[in-house]
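Can you make the complete structure from the sequences, with help from the hints?
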Amino acid sequence: MFKGNFGLLLNSFFNSLKPSKMGLLVLNIIFSSVLASAETLSTKPHISAELVTEKASVKAGQDLEVGIKFVLESGWHIYWENPGDSGEAPRIIWGLPFDITARPIGWPAPEKIIVGPLADYGYSGQVLLISKFKIPEFLSEKPFEIKAKVKWLVCSQVCIPGSTDLDLFLPVINSEPLFTSNHDLFEKTRASHPLPLPENIKINVGSLHKSFRIEIQGLQDLNQAYFFPLHPLQVDNFADQKISGSTLTVKKSEQLNEDPQILEGVLKIGTQSYLIKSAVAVTEESTPLWLEILFAFLGGLILNLMPCVFPVLSMKVFGFLKNLNEEREKIKAHARAYMFGVIISFWTLVAVLLALKAGGQHLGWGFQLQSPPFVASLAIILFLFGLNLVGVFQIGESLMGIGHSLTKKEGFGGDFFTGVLATVVATPCTAPFMGSAIGFALSQNALITFLIFTSLALGLSAPYVFLAYNPRVGKILPKPGPWMETLKQITAFLIFATVIWLVSVLSVQAPPPYLVMVMGSLFLVGITAWLLHRWPYSKKTRILALLLVLLALFIVISKNENPKNALVWEEFSPEKISSYKAEGKTSFVDFTAAWCISCKVNELVVFSSPRVKEELKKHKIVLLKADWTSQDPKITQALAELGRSGVPTYAIFQPGKNPVLLPEVITPGIVINALP
Amino acid sequence: MKKIILLVFLLSVSKAYALKVGDMAPPFSVMASDGKNHALQEFKGQYVVLEWHNKDCPFVKKHYGTGNIQALQKKWTKKNVAWLTVVSSAAGKQGYETASDANAEMKTTHALPTLMLLDPNGKMGKTYEAKTTPHMFVIDKAGKIIYAGAIDDKTTPDTEDVKTAKNYVDAALEEATSGKPVTISSTQPYGCGIKY
Chain A
1253 MFKGNFGLLL NSFFNSLKPS KMGLLVLNII FSSVLASAET LSTKPHISAE
1303 LVTEKASVKA GQDLEVGIKF VLESGWHIYW ENPGDSGEAP RIIWGLPFDI
1353 TARPIGWPAP EKIIVGPLAD YGYSGQVLLI SKFKIPEFLS EKPFEIKAKV
1403 KWLVCSQVCI PGSTDLDLFL PVINSEPLFT SNHDLFEKTR ASHPLPLPEN
1453 IKINVGSLHK SFRIEIQGLQ DLNQAYFFPL HPLQVDNFAD QKISGSTLTV
1503 KKSEQLNEDP QILEGVLKIG TQSYLIKSAV AVTEESTPLW LEILFAFLGG
1553 LILNLMPCVF PVLSMKVFGF LKNLNEEREK IKAHARAYMF GVIISFWTLV
1603 AVLLALKAGG QHLGWGFQLQ SPPFVASLAI ILFLFGLNLV GVFQIGESLM
1653 GIGHSLTKKE GFGGDFFTGV LATVVATPCT APFMGSAIGF ALSQNALITF
1703 LIFTSLALGL SAPYVFLAYN PRVGKILPKP GPWMETLKQI TAFLIFATVI
1753 WLVSVLSVQA PPPYLVMVMG SLFLVGITAW LLHRWPYSKK TRILALLLVL
1803 LALFIVISKN ENPKNALVWE EFSPEKISSY KAEGKTSFVD FTAAWCISCK
1853 VNELVVFSSP RVKEELKKHK IVLLKADWTS QDPKITQALA ELGRSGVPTY
1903 AIFQPGKNPV LLPEVITPGI VINALP
Chain B
15 MKKIILLVFL LSVSKAYALK VGDMAPPFSV MASDGKNHAL QEFKGQYVVL
65 EWHNKDCPFV KKHYGTGNIQ ALQKKWTKKN VAWLTVVSSA AGKQGYETAS
115 DANAEMKTTH ALPTLMLLDP NGKMGKTYEA KTTPHMFVID KAGKIIYAGA
165 IDDKTTPDTE DVKTAKNYVD AALEEATSGK PVTISSTQPY GCGIKY
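Protein chains in written order, with my numbering: chain A, 1253 to 1928; chain B, 15 to 210.
No lab work stands behind these hints: they were computed from the structure.
Honestly, I wouldn't trust all of these hints.
Covered by chain A, according to a simulated footprint, are these stretches of chain B (three or more residues, beta-carbon under 8 Å) [as the list claims (entries may be wrong)]:
{"hint": "1", "segment": "67-74"}
{"hint": "2", "segment": "137-151"}
{"hint": "3", "segment": "164-173"}
No farther apart than 30 Å at their CA atoms in a straight line, the calculated lysine-lysine pairs in the DSBU-like style are these [said to hold, decoys possible]:
{"hint": "4", "chain 1": "A", "residue 1": "1833", "chain 2": "B", "residue 2": "180"}
{"hint": "5", "chain 1": "A", "residue 1": "1791", "chain 2": "A", "residue 2": "1837"}
{"hint": "6", "chain 1": "B", "residue 1": "89", "chain 2": "A", "residue 2": "1828"}
{"hint": "7", "chain 1": "B", "residue 1": "180", "chain 2": "A", "residue 2": "1886"}
{"hint": "8", "chain 1": "B", "residue 1": "140", "chain 2": "B", "residue 2": "93"}
{"hint": "9", "chain 1": "A", "residue 1": "1872", "chain 2": "B", "residue 2": "93"}
{"hint": "10", "chain 1": "A", "residue 1": "1833", "chain 2": "B", "residue 2": "89"}
{"hint": "11", "chain 1": "A", "residue 1": "1865", "chain 2": "A", "residue 2": "1852"}
{"hint": "12", "chain 1": "A", "residue 1": "1869", "chain 2": "B", "residue 2": "180"}
{"hint": "13", "chain 1": "B", "residue 1": "137", "chain 2": "A", "residue 2": "1364"}
Bear in mind that the values here come from a model prediction, so they are computed numbers and not experimental data.
C-beta atoms are modelled at their ideal positions from N, C-alpha and C, and glycine is treated no differently.
What follows is the structure in structure tokens.
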């Protein structure tokens, strides 16, 4: 290697002389020009990368600072350690002799670069990334080779990745190395490195609902302060950071799920920058807790007026009005039982929500409505309730025997369960103030969450409790009369509207067959109501009615098919048949239509059979569904080619064989036997 | 009445959370390269993958040049997943495509998305807070976002890194289609900034 030899030559020449200072300078100049002929500089479009050292030689036992100097065309930038919303930080992979490792790159404080609605962090103009090497005590006299593989992303409006391999030889000399012409650049760059926080400056980081609050004590003024986060997904890079007094407010990233324990980054104030690594404390909300609790209470109160809850409340009030003559203490006790019912139900819901959240589920309020069996069950219960309200049937003297306990016995159980019912039916509804209170509650710790929901529960149960403790007010209310019947019936229709809404929710959540099952269950409920209407006094009827309702609930809860076991049907197309045949796969085509009853019966009987599913999966049969519900000439033609003109039609296409047709009425046995 | 209340409810809750994994995917209605308007509603009952795309971005080229995204598209569209490639670059900016550009690109790259959605006014991109190309979202059959973020864990534009990278989208779809919860559901996306 020419370079190596020349270097050696100069090295030994250098060592053998007793150089004068002038001589050293001259040789240094020669060195610099010689060394420059190694591949230290790479020029690409918009950017150049140069491997530079601060000193002209290496001395054993003395640290060496080396860096990559990037020079960028105006308007172009490269990135910081945390590039921000987009981009990629440059990487340097050093190759050093004797397994010397390089210390991590020193990153100068970056600038914020805005492109459209995105904000990145990086450098423009010129930047030097320095790495320090620890040089061992004993070095051979061979020239010290420094290799660097540099990768970067340089962007303006568009981005261009680049990479280069640079290398440099430094002589190994005993005496104090001289500085190269890059010395000033190294000095300036080191000065721009973020400093650790000095003793006189204290930082406190607090977490608010949507932002971090960084309190800085010990600085005169926070002009142009900005916090550059070290880790992604913590801070909203694009947002401005507000300065007020000695506090810097940094907006949290929308993607942040849970507060980090430590906030790390660079705090730039004017031209100075500091390394920040601070624990994050949860601080007082800007909306004080007591206010959110008040909101929750108000929300619960207003919730009573919502169509979901109103019928339950009015039921309690009617019962109350009819029994104004009861002992005051008893009335109050009933109200308390109701209140506990509401509170315990809310606590249960919140406990389940928190438990699921802790288990890693991303849930929000209303999560129970995301489960089709729950929505279906709610629809069934509400439908039954509505039928009662509208007068199809009665249980005992008043509604569903729940308000009944008020007059008859000591049973506070009824009140408790009315409370539970009120909570359950309240969940699809929401009221003003509730939304923000709930959102706040769920972002805080468990204790606060429970506090807020308790307040909500108190608000919900407040009107009835108020009435119970102030019966005089009850006297102001209109006397019981026919108006109560009319009002009951009106609320019944509101309940039916809720049922329709719940079914519409199901239509998005679940496939059509499930919807049909739910409507079947509602049909069962209708029959139940009629039974109770026709034979109201027979105990047998009551038992039968209960069984029917349980059956209806059972159907919707258990028939929610586990996706794991469901068969996967692809859409049919003639091209798919040929392509699967070419791949050696057998396909089973079900020509069907939504209006074809025999098709649906066949599908229900055959394709829900576990044996059939197993056989289909075992033979790796591809399942194709040709839906002829609406006109489709391709399907019509496919049918014609099979010699059929209607649905149902079942055909098996095997590679290398003619299609096999199954009869119009199929059983699991027929299908399994027909499989290859 | 209920719809309004529900809307108010959803709005109030959504403000508290912004757009995150676990939220319902926001509806959209965008012209595709087939000349027709398409809405999210159309794919109800299917898994949907949204892939923000800029054909000239080096990070996107890394995945298309190695056939990585095309293979994913083929694998999952066969399983009835709707793969929607979205181009939100504004007219005159890098990556902007007309319908004929998009159709031509699909031919040359052998891409197999269900549709290429053209969003030059950036509305869909901003609704989803899409930041980079590529930026990936996976939406389940009920319309809930189950993954949002990077396509894989090697944030470089180097083609060698595709083979050794862990693909988050593939993993999320594998887990979701076998009934398991998605283990890694949110990552920092990487790539070029979207040229709104």
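Verdict on chain A covering the segment 67-74 of chain B, where coverage means 3 or more residues with a C-beta closer than 8 Å | Answer holds; 4 residues pass the 8 Å Cβ test.
Can the restraint linking residue 137 of chain B and residue 1364 of chain A be considered satisfied, given a maximum Cα separation of 30 Å?
-> Within the cut-off at roughly 25 Å; holds.
Agreement of residue 89 of chain B and residue 1828 of chain A with the hint, judged by alpha carbon distance not exceeding 30 Å = Status holds; Cα separation ~15 Å.
Is it true that the CA of residue 1872 of chain A sits at most 30 Å from the CA of residue 93 of chain B?
-> 14 Å, holds
Hint consistency between residue 1791 of chain A and residue 1837 of chain A [alpha-carbon to alpha-carbon, up to 30 Å] | 60 Å, violated
Is residue 1833 of chain A within 30 Å of residue 180 of chain B, Cα to Cα?
-> 33 Å, violated
Taking 30 Å as the top limit, are the C-alpha atoms of residue 140 of chain B and residue 93 of chain B close enough?
-> 29 Å, holds
Given the hint that residue 1869 of chain A pairs with residue 180 of chain B, does the C-alpha gap stay at or below 30 Å?
-> This hinted pair holds, its Cα atoms lying about 29 Å apart.
Has the given pair, residue 180 of chain B with residue 1886 of chain A, been kept, meaning a C-alpha gap of at most 30 Å?
-> At roughly 41 Å apart (the allowed maximum being 30 Å), residue 1886 of chain A and residue 180 of chain B break the hint.
Restraint check for residue 1865 of chain A with residue 1852 of chain A, where alpha carbons must lie at most 30 Å apart | Holds, at roughly 17 Å.
Measure nothing beyond the straight line between the CA atoms of residue 1833 of chain A and residue 89 of chain B; if it is 30 Å or shorter, mark the hint as holding.
-> 18 Å, holds
Take the segment 164-173 of chain B, compare each residue's beta carbon with every beta carbon of chain A, and decide whether three or more fall closer than 8 Å.
-> holds (count 4)
The structure is inconsistent with the numbered hints 4, 5 and 7, although it conforms to all the rest.
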